[in-house]
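Residue numbers (my numbering), protein chains in the order written: chain A, 1258 to 1585; chain B, 91 to 372.
What the hints contain is simulated information worked out from the structure, not anything from laboratory work. From the three backbone atoms N, C-alpha and C, an ideal C-beta is built for every residue, glycine too. You can take every hint at face value.
Computed, partial: chain A to chain B, Cβ under 7 Å:
1) N1334
2) G1341
3) A1369
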Amino acid sequence: MSEAQEMVGRTRGMGELIEVEGKTTELAPFGHELAALGRERPEVVGLTADMGRYSDILPFRDAHPDRFFNVGMAEQNLIAVSAGLAKVGKIAYCTTYSVFVTRRAYDFVAIACAHSMANVKIFAGMPGLVNGYGATHQATEDLNMMRGIADLTVIDPCDATELRQVVRAVADIPGTVYVRLLRGNVPVELDSSYRFTVGRATELRRGERVGIISTGYMTARALDAAKATGAQGIKAGVLHVPTIKPFDTAGVLDFAGQYDRLIVAENHKTTGGLATLVIEAMFDAGMLKPVERIGLADSFFECGSQEYLESRYEVDLPRFVRAILANA
Amino acid sequence: MTTVERDVDLAALRERAYRLRLAMLGMAAGKGEGYVAQGLGMADCLAALYFHEMRYDSSRPEAPDRDRFLLSTGHYSIAMYAVLAEAGFLDPAELPTYGLNGSRLPMSTFDDLPGIEIVGGSLGQGLGQAVGMAVGLRIDASPARVFCEVSDGELQEGSTWEALMSGATFGCDNLVALFDCNGVQADGAVHVALEPVADKIAAFGWDTVEIDGNDIEAVLAALAGARASDGLPKAIVMRTTPGFGIPTLMRRERAHFVRIPDDEWQVMRQELEAGRPEVSRV
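With the hints as extra help, turn the sequences into a complete structure.
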């Protein structure tokens, strides 16, 4: 093992994001916001499949113990019980890891929930390479899988600010929602003026020639990289696309039309997720421009810290900077 | 020995079960095929549920405090449509469209039809949803109860056992699971080592009885015994005979999905009518 491999990263709390120096964080924004929402809306219930601690839902449990249910290690049942609660008038927020709810409980999400437009809001932890346990715990194809289910809303929030807004926004839309959950000390990346709207992309930074279209916490990387390259006179634009489905085709085309070349970034495989959606939208509109994809290959990934893996598979900040500067 | 409550009009319930069977046979005859054998096996249970045990108003199918019946085995839809028509949820004139293109009554149940609570065709998804409903109704202090049919084939789905654990964990005494053990599934007779079903379910913490599901008195007694608010979920393991009421069908070895030529439907109808209860006024 090289010195670099040994040095990079350390074991953090399960599913916690890497800490970046100088960034403000909030502890457990999901659970705290859900607890607050539960005080306002008695129909909100919370569930987990033995992932209460590692999904940050415990503040809700502590505030509303009579409305919290831990079904144990049983993801299919988690979704079925949530669907049943929804069908008697509850809004069921349920949590586990992305990999388990997508790979193991897919049919339950599709049929017990989405087909009935059941008010089940799935907050699924550890997207992409956040987790060090390898392929068993790394959700790298979940956006692709979940956007394949009709009538399901799919959201990949950027930071604590957005996650808090998503917790509230999904209570106000009918049907089943899949949200990629960020937990632990979650960075605050977006301005307090930022407003999340289901199904809408938001331009966070106006640029010239090169535009980055990104989702999830990759948008934070995009903003950091745009800032870093700004000092070299390159103005990169950034469009944040938190809602993967329904996809904001018009918003993406509007943004893409302003640039000579585009970078699409996601904490996910580069096939089947955001990049695929962007390229399809552009092609359908007859908009042919160079697109560079930042994301993961069609592979399984090994164990290791988030820093190590993201560096190794080139979804880290230096990669963003290189992509912006390419052909500049 | 089974003891039926004094206010039960047994003859009327037997006539209901007969009418359900007649409606099912009519639907299957129209289509020429269907999951009719399982439906016939469930007729006595459905008659006892919809015309004695359950509290509902078919003119208000979304009423919050209605008792719910979940058909987990969606391809028993033929039985569901028969009972929904008999109970007033559905115009009986619509029954002949069963399984036809464009019909509201497809071969498997979907919850856009009034009276259908869940999408039931993907097996192993019913009982977990029933647990969720029971928990949710309890939060609301609703008097409503949840009844959920589960087939013996579905006992081969791990999710059914996950739901059994949850029903006990959450103390769902407002939930009654009705296990339809008819011994057949798609590939033939049940060959998986399921037995002893009742002992297993009891061991999972459910108040469990095992009965002949085609003995309507036994079904009524079991349902009466399942009303206790004692913190325990209730399970009724019903041994049923596919095709019950029609000897020709009962003799079929392969009764999962039945295709029968036109001339045989007439024979079957005659067999069913021959077994009609003597007191027949509803």
